[in-house]
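Enquirer: For the record, the sequence lines run as chains A and B.
According to my numbering, the first sequence is numbered sequentially starting from 1.
According to my numbering, the second sequence is numbered sequentially starting from 1.
Derived by calculation from the structure, the hints in this document are not laboratory data.
Ideal Cβ positions, reconstructed from N, Cα and C, are used throughout, including at glycine.
Be aware that one or more of the hints could be misleading.
Stated by the list, open to error - Output of the computed footprint for chain A on chain B, the stretches with three or more beta carbons under 8 Å from beta carbons of chain A:
#	segment
1	472-481
2	546-560
3	890-896
As the list claims (entries may be wrong) - If the Cβ cut is set under 8 Å, some of the chain B residues that face chain A in the computed set are:
#	residue
4	Leu422
5	Asn666
6	Pro711
7	Asp789
8	Leu792
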Amino acid sequence: MIKHISYMKKMTNQYSYKMKAVIVVVIGLLILGCSDNFLDIKVQGGVTTETDPKLGERLVTGAYHSLLQGDAFGNGDVHGWGFISVTSIISDDADKGSTAGDQAVPIGDIDNFTLTPTNRFVESLWSGHYNSIGATNQALKALKVAAIDDTERKKLMAEVRFIRGYIYFNLVRMFGDVPLVLRVPVDANDANTDPAFQTRANVAIVYDSIKRDLQYAVDNLLIKSQSEMGHANKGAAQALLAKVHMYRGEWPQVYALTNDVIQSGQYDLVEDYATIWRQVGDNNIESIFEIQTGQFNNENLAIDNYIVSQGPRVGGSGGWDDLGFGFNNPSASLLSAYEPGDLRKDATVIAIDNSGTHVGTTLWDGFRIPSSDSVQNLFYNYKAYTSRTMETFARPEPKNRPKNIRILRYADVLLMHAEAIVNGGGSGDADALVNEIRERAGLAPKSGVTIDDIWQERHIEFAMEHDRFWDIVRQGRAAQVMMAAGKTNFVAGKHELLPIPNSQIILSGGLLTQNNY
Amino acid sequence: MRMKPFYRIFSFAFCLLSLNSALAQNRQVTGTVISAEDKQPVPGVNVLVQGTSRGTVTDLDGKYSLDLSGTEETLVFSFIGFTSKTVPVQGRTVVDVELELDTKTLEEIVVVGYGVQKKSDITGSTANIKGDELLKQPVLTATQAMQGKVAGVQIISSGQPGSSPQIRVRGVGTALGGTTSLYVVDGVLTDDISNINTADIVDMNILKDASSAAIYGSRGANGVIIITTKKGVSGDLKISYNNNIGFRQAANLVEMANASEYSNYIQAATGNPAPASPYDTDWYGTILRNAFQQSHNISVSGGTDKATYLFNAGYLSDQGIILNNDFERFTLRFNNDYKLSDKIQFGFQSSFGNSINENAFGNINIDAFGNVGSVYNNAYRASPIITSIQDGRYGNSSAYQNVGNPLLDLNNNSIRVNENRLQGSTFLSYKPVEWLTFRSSLGADWRNSLNRGYYYQFNADENTFLVAGGNQLRAQSSLIVQNSQAFRWVWDNTATITKQLGKHDVTLLAGVTAEKLNFTFLSANRNDIPADPDLWYIGVGDANTSQNNGGGDAWARNSYLSRVNYSYNEKYLFTATVRIDGSSRLPEINRWQTFPSFGVGWQIHREGFMENQNIFDVLKLRGSYGKVGNDQIPTNAYTVSVEQNKPYPFGGVLVPAIPGVQINQNIDPNITWEITEEYDLAIEFGLFQSKLTGEVNYYDKKVANALISVPLPRTGADADGIIFTNAATIQNRGVEVLLNWKKLVNENLSYSVGGNVTFNENKVVGLNGGRAIRGGSIGAAQGFTTITDNGLPVGSFFVLNQIGVFNTTGEVNSYINNDGDPLQPTAKPGDFKYEDVNGDGRIDDEDRVFAGSYQPVAYFGLNGSVNFKSWDFSIDFYGNVGNEVYNGKKAVRVEGRDNVEKSVVYDRWTAANRSQTEPGANTGNQLASKYFVESGSFVRINNLTIGYTFPKSMLEKVRISTCRAFVTSQNLFTLKKYSGFTPELPGDPISSGIELSAYPTTRTVALGINVGF
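Could you put together the complete structure from these sequences and hints?
Expert: Next comes the structure, spelled out in structure tokens:
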């Protein structure tokens, strides 16, 4: 230390003049170094709209991605547990399931029609759908100025407008009048002050927008064989537009559009109904539009909770590693709706062995579920079963595995066409259409089919496929069906629609009005 | 750049003055002035040549140098707070002096931003705590040790090992901006001091009001805490050692129902008894423990007149009271100062800290179900009829009630955060003439953090559980590693002019600073890694499961600052400061802002008319105004980012998905800093030979443009439905009172009592046109439990008003609205009856009412000490009154089979007792109501210490110079009304005071020894 100090001292004496110089230089450097752009630091790692050269195309993929939202408890649900609850559990086809107390508030309330405007699932569905709408609007905005050729631009815009139309179709069926948002707000102030974002547009106006979007898709998309897998195509747009018209009772349009799909020769029924919901049935000949799931970044890319929430659940004496939370159980009312010998029943319902013989239930891939004393519920949704052993996944272990959701099947087109004929939308052989479906189900053909026959066929054919509740509301007999199924809390004129989330009403300062809740 | 002219003048002055230094040579005397009490250097001491008006002032390190002419022989050292000393030079060139403390005055020197000041000259509001005071307490950070010591400063601590407490200086001044106070450690600006060994600290000075903090401009709004670390003192080498060793435990536990009480409750709630079970598990008993804690410090210091050194090594180990939770910290400090010449000084302060935090509570959160899931919360919920573990197999609470077995969670994770931090600053100061000092200091802070989480594989089968099933399982083991680095530098350049002209005393400071931060992180994870800790490396895992991520942040600040202190005849004081701040985190249009302040003071006791009274020794009136900012907003707050990784699997299940993007946020492009304006008025006094000292302070501060995330309609294309904007105006007004009584009774006995209390009123006075901000969303059926609205305190509880309990179905049916419909048609006897506040005929969110605030009406600290012969005793209390807390954990009972508190079982409504305040047995999912709002008032014995100092005569034989042994207890006893674990609940401004899964306050008892060689 002493040595060190004396060295310093020596240095100081010799170089003190230089030290002063150093200070001056240092100060000088600071002045020079502090140039104008010292504070111009861009956000690190944050891609902005200016720095992404393929923004338009990538936003289109992002819009599709928004269909995978499944955060029912949080910021957005489109096809997750919330969707299951308000399309299936709410209907006469399914019960909440699981244990009595489990999720009694968001889901039990939906099942029993005791739901309130603060229901979390309902709120998340609202958010999720508007998130999707935001994603589509952003994509459309970027595509308009994207440096791509015009055919490609139109095709991509058509795909995005298909998604927007589909989302609004679900939204209008859930909530009735909804704010019709067809643009991106400039900034937060714009979103907060333009009443269009908070004022409900009449159902008819929303439907007009849906039709415009889907018509644009019909006009600018190619048929299935000329399109890439997983993307929306012309057939999907036509089938969806047909369904939209069906919900509006516009039968000639339903007739014409379904006829176009049938005549396109792109679609057919598959032979074995049960295989439709297995991986081998993904994007099969019967598929018109389905939500794609798969893998990304060495991870499953699935809809949160879609599979695991519906998986058979351990109960009673336990003793097995179960498949999920046990929600969305096929109801007694659905089971009794099947005609004897209908092959679709065993393809739709996992019936737990309750015979007392303990043989259990063996599924198509050989997996055995123990008998009822070890299982929480008696019936589960077979259409939501994934096989750990016979199907392929990036990660087979998680209970919530990917599963494509079939949104539109050819069978739907056939039955829509039949319904259009019966309703005078056009001429044709409704019997043949219905019997094509019945034949596959192993049932005897019917003749002189009535509207009730078609509705019954829709009920069974699309059981547990998220169609039933909206279908009976469309048919104008929701109250009647609910009463018959023992869901006596249903109030006609109220429970056909979900409540508008209370938080959004509060936010709007009263601009947003409530449904009959 | 706008600031260029300023720069030029500055540099010109530098050049000019540096040439000017070769002045007339005389005989020179140098030296260091230290305090006889703690041997620490005393800055600001007046050194006068006797019989002349020539003299100088000691610098930050207590050093001075003075030129003497031939005949001048005697120096007079004087400084307020110390007894003056007259020292003959006797031909020496080095005259070091020890000053004795003058106990009669309350004068002291304090470190203010970029300089020092006599406490008596200060016109703003500051508070000072000595290192000794901090070291007394067996706590991790100095911040925690500050609790209750300073009026106007509220410290809210979670008690968790390795965590930093929350500081609120004079109320909640922001709703959603950052709330972190600025720490200045030897000139290095930082927001975390968990790396600083408390034993290294000489003193902490807290700048409370805007006028004192304005010198830190846009960083001053949350208070500034200036920390000075120890330095060596010239003289013999000194070694000292101190330690404390003790244990800690949960201070207040909530008693849960036992198996039979649980069964009884379930029977009452559901009509069916709980399944028969041979078990009766006390889950808290299972996961909590008595934890061991210890700390050791050794320091070596000394120096010559040309150089001083201090070396300090510290070790601290702090077990958490939850199993497998451990915190360890190792620190090294090396502070050296060199006098290169009479005019040039150089020095550095450097510290290295390494900490390892194992399984910190809060990092373990693995409820697969998506509920609020943490070990602690699970212990609250798990049923007593499920066992924790039997013969190596766990009770399956998940299969029974959807709650993970908390013991299994604890045993099946290893989450470790290993942090290294190198922090230091170096300075060079140059004093060309006595009245001018240039100082350039460069500080750096490098922080490396390596986080590693390992999650064991286990199935929900009979190998793991007594009964198979449930959702608590992990199909594959996984390892996640994250490495992050932050580097920050700050360069301050200042010039200080100190001039005394007759009765005029002027100090002028001008400076420029620049600061920059870079942060990067890289993370990776893989699955299928064996359970052997030696194999916990990414390369060992299954490459087909590998994922990685990375990112970064960078920002810069540039500021110009100036301060003038003027006093006339030591009676009339004036201070003014200005700081001009620029930050890269603001859009260019409002990037630069000016933060001015001024203060005036009147030392009444120095007036002639006070000469003939002997009550007041000190009477000072001061007032100030200042403006400070809070720049803690996210770096990307004003730019729209394109969200990456929004893929879609067009190619089917077997083909990796196509990456996509979304733009799912909205922004306010004009976002700017929060600006606080504060007025401060105070009177300081010392009575009866300063036995009684005190201060009364009034403040009124208003935060304009408080940053708030304003909810956006969900239709506004914003994924989280909120945006940052400058929406609110928040006001804090309050009074601080400080009183201390000190008495030296005789040689053997002295005592002191003191206390401080702060009354604060917090109110939102403007809020974006009156639209309220809801917060405190805690899940279940609770919704948002707080509101931030006009006229109310920030984050007020906002819940339904329960007005009783339904006794019969008849009462349910007769509780009707104007249409004659039942208001609560689904209610059962035993359910709460809620008031239809808005009278719209139904009970819903719109019927919520204000139900108090988490912000206390007053908080206080009381302390007392007695020294008798070799014994010392001290006690201090801390508490607050008038605040409410929300019993969130009780409110979010979502699963009917969850356990309940013992009191819930016994106090519940029954058809017989017809309680009107407690609900009947239920299956949870209760609505948010006043029932869950409880008083948060408490008073705690914060610290109690008894020490014994061994007599010198005894120590001399073993060559020890000082030795003191002590026993201390932190948080020995709490008096509280709240039924939960702790009313001390940190949180965001709009969701604080909510106990959801809080870490309980801990109680520590420790033994320690301080030895000096």
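Enquirer: Which numbered conditions among the earlier hints are violated in the structure presented, ordered from lowest to highest?
Expert: Hints 4, 7 and 8 are the ones this structure does not satisfy, whereas the remaining hints hold.
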